[in-house]
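Q: So the protein sequences, as listed, match chains A and B. When we follow my numbering, the leftmost residue of the first sequence carries the number 195, and every step to the right adds one. When we follow my numbering, the leftmost residue of the second sequence carries the number 111, and every step to the right adds one.
Among these hints, one or two may not hold up.
Unchecked claim - Lysine to aspartate or glutamate pairs mimicking EDC-like chemistry, simulated, CA-CA at most 20 angstroms apart:
hint, chain 1, residue 1, chain 2, residue 2
1, A, K562, A, E714
2, A, K335, B, E125
3, A, K502, B, E114
4, A, K502, B, E174
5, A, K489, A, D474
6, B, K175, A, D496
7, A, K373, B, D153
8, A, K373, B, E150
9, A, K373, B, E114
10, A, K208, A, D228
11, B, K155, A, D329
12, A, K502, B, E171
13, A, K332, B, D123
14, A, K332, A, E196
15, A, K373, B, D123
16, B, K112, A, D482
17, B, K179, A, E336
18, B, K155, A, E336
19, A, K394, A, E520
20, B, K175, A, D474
21, A, K373, B, E174
22, B, K155, A, E520
23, B, K179, A, D496
24, A, K335, B, D123
25, B, K185, A, E714
26, A, K332, B, E125
What the hints assert, rightly or not - Every beta carbon over 12 angstroms from chain A, so not counted as near; a handful from chain B, in silico:
hint, residue
27, L121
28, S130
29, R139
30, K175
31, V183
32, R207
33, P208
34, N219
35, N231
36, E236
37, P253
38, K272
If you're looking for bench data, these hints aren't it; they were derived computationally from the structure. Using N, Cα and C, we set each Cβ at its ideal position, and we do this for glycine too.
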Amino acid sequence: MERTGAQILMEILKEEGVDTIFGFPGGAVIDLYDELMRSGLNHILVRHEQGAVHAADGYARASGKVGVCLVTSGPGATNTVTGIATAYLDSIPMVVITGQVSSHLIGNDAFQEVDIVGITRPCTKHNYLVSRVEDLAKALKEAFYIARSGRPGPVLVDIPKNVGAAKTDYQPIESVAIKSYNPTYTPNAKQLEKALGLLKAARKPVIFSGGGVILSKASIELTTLARNLGIPVTSSLMGLGAFPGSDPLWLGMLGMHGTYRANMAISNCDLMLAIGVRFDDRVTGKTDCFAAQAKIVHIDIDPTSIRKNIPVAVPVVGDCKISLTELNRLVAEYNLSADNAQRAEWLTQVDYWRKEHKLAYKQQEIIKPQFVVETLYLLTKGQAIITTEVGQNQMWSAQYYHFDQPQRFITSGGLGTMGFGLPAAIGAQAAFPDALVVDVAGDGSIQMNIQEMATAVQYKLPVKIVILNNRCLGMVRQWQQLFYDRRYSQTIAAHEPDFVKLAEAFGASGLRASKPAEVEATLQRGLTMPGPVIMEFVVESEECVYPMVPAGRPITDMLLV
Amino acid sequence: MKSEKHTLTMLVDNEPGVLSRVVGLFSGRGFNIDSLCVAETMDPKVSRITIVTQANRPLLEQIEKQLRKLINVIKLRDMSDDRAVRREMALICVHARPESRDEILRLVNLFRAKVIDVASNYYTIEASGDEDKMTALIGLLKPMGIKKIARTGSVALYREPKRGI
Ligand SMILES: Cc1ncc(C[n+]2csc(CCOP(=O)(O)OP(=O)(O)O)c2C)c(N)n1
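Work the whole structure out from these sequences, hints included.
A: Right under this line is the structure:
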């Protein structure tokens with residue numbers, strides 16, 4: 195069959211199950227966009243390429259499918275870099291298609307030429323420059339395969355203009371195999387036996403679960419293991435929702451802004467079962483003191499995550515879901531249970547920590563940001579898809595919105611990208627048009643990709659934006675308050691737009707609440723209005739996120755309220 | 111923990127950009143490269159890269175895992191112990207004063223090197239061997255005056271089994 199490069203691209207996108215792509219056109223991709231018109235694929239035209247990547251990312255996180263975006267060469271391509279790095283650090287499956295100048299012009303500093311493959315080499319799982327149309331199908335098929343298999347991640351495919359236009363004889367590729375790329379899914383049985391042995395002997399075990407559990411869709415297996423053995427569970431920011439936030443065994447999040455009981459439990463446990471985590475410094479604090487009394491079993495599909503930051507007693511390389519299924523089978527085979535595990539004393543201790551210090555704030559005359567998130571949680575019964583921006587808004591969402599299901603909390607964990615939340619919400623909403631999708635935002639972050647309001651309005655994607663307006667770059671201001679003697683260098687907003695009018699100017703709705711008594715009604719109204727809505731809450735400006743472990747200190751060194 | 115020299119060789123896809131993926135991994139993650147050698151193998155689609163690096167045990171483990179994770183790395187082996195042979199090569203241009211010529215030629219013979227160019231006042235010597243041998247030869251030639259030197263990095267191959275020897 196004779197096909198152009200553009201036709202091959204559209205066919206493969208459909209073959210890979212793609213229904214929606216996010217993008218922005220330009221000279222180098224004009225042939226691809228021309229073919230797109232005939233393809234039947236949905237295309238969401240963003241207002242900035244960074245928005246396209248975050249939207250594809252939000253789509254992927256909410257649906258578990260590969261997110262796809264399409265942008266032009268040069269500035270279109272460089273605008274994707276922050277989004278790609280964001281997806282890379284959180285292991286999100288994504289295929290980014292960039293246009294490139296025609297192959298005979300490459301290297302000539304041609305108009306809108308940039309070496310995007312070179313630029314993104316360190317922040318993609320893999321990338322391709324396709325210099326001949328004959329190589330296009332293979333590159334695209336491999337890109338999807340690599341993006342979604344093993345530890346997922348973004349893959350970039352750079353397509354020169356002439357490659358999109360050129361014709362070739364095209365045979366669909368049935369299956370992809372790459373001899374140098376074979377992720378280990380099935381864990382080594384001996385290692386699992388060892389893990390089981392440690393589980394049997396443990397008196398004070400804790401499960402620490404991460405984003406890997408969500409990516410491998412292993413929530414049920416995780417929950418089964420924890421409940422059967424009566425093991426308390428904590429997680430990283432990326433792991434929230436994998437274990438039900440309403441379960442009595444749930445400890446809350448771990449780390450810098452983790453709960454008192456989670457940080458105490460980890461610091462005192464004798465066995466840590468770490469699943470799909472990578473021991474980021476925001477979780478471990480000072481590594482020498484992290485879980486110092488514990489033997490650690492670490493399950494992860496990526497061998498480089500194991501023993502990178504933390505010594506491990508039993509490494510298990512494998513898919514979280516397969517490993518947990520296997521572990522559950524062993525638990526049943528050896529008749530292990532919560533009763534015979536003599537867990538009572540440990541659970542009493544954990545409960546003592548729970549009572550000793552709870553997450554708390556005092557609602558006074560000015561709205562407390564935590565109160566807004568807590569009310570949002572109660573009103574939505576924990577059922578909304580929550581995206582966040584970065585900073586205090588993100589941490590309060592993690593602390594006060596309790597997730598009972600995975601893929602409901604969408605946040606930039608590894609890179610901490612301000613401006614992520616709104617486009618990610620758009621992507622999640624595109625994946626689930628009927629779901630309630632809420633972006634919890636700070637007044638600083640929301641301005642970073644506010645242009646995407648136009649996208650939400652145009653495509654009737656009814657995302658709700660809750661701005662916790664503290665009139666400052668709150669998280670940085672918090673550090674300045676606590677560690678820099680309140681020297682607020684460049685963190686207090688001298689000028690901000692009127693967010694209600696801004697919403698209206700975009701064709702969305704805007705609401706504002708300035709008093710605690712208005713919070714519930716404003717949320718109630720805003721969440722039920724049709725179309726995109728910005729709800730601005732004028733909150734306490736010097737509020738801090740607690741507990742807080744100062745960077746580089748042991749996680750037991752918590753500043754508490 | 112003690113840092114040691116390690117010779118890592120890998121078979122990689124012979125494609126543009128593969129070397130920069132490997133080297134970029136070292137620079138981006140703060141691993142160091144003592145020397146680097148790259149050339150095609152018998153299979154024109156595959157190249158062999160040999161890197162000598164300094165690392166302690168845990169760091170070496172991390173370097174190896176990171177390299178294996180690169181999609182274009184087909185196979186990786188640590189060639190640091192006796193199960194492998196390692197060689198490097200050097201071209202050494204040494205000042206050949208009449209009074210030191212005999213000594214230079216003696217050293218050349220002793221080290222099984224070759225004089226490959228003779229100029230009025232200089233000899234250019236070709237030498238190959240393992241790292242210790244090269245260092246020794248260079249050390250002995252130094253007093254004569256080394257004008258310039260070009261050294262390759264190390265290359266290595268695994269020894270095949272010696273049945274019945
Ligand atoms: C793109 C980007 N630039 C800078 C930062 C550093 N940073 C982290 S949190 C933060 C403050 C965010 O302010 P705001 O969005 O108002 O949220 P708040 O902390 O007040 O909830 C900043 C500037 C970042 N994370 N991302």
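Q: Failing hints, ascending?
A: 9, 22, 25, 27, 28, 29, 30 and 31
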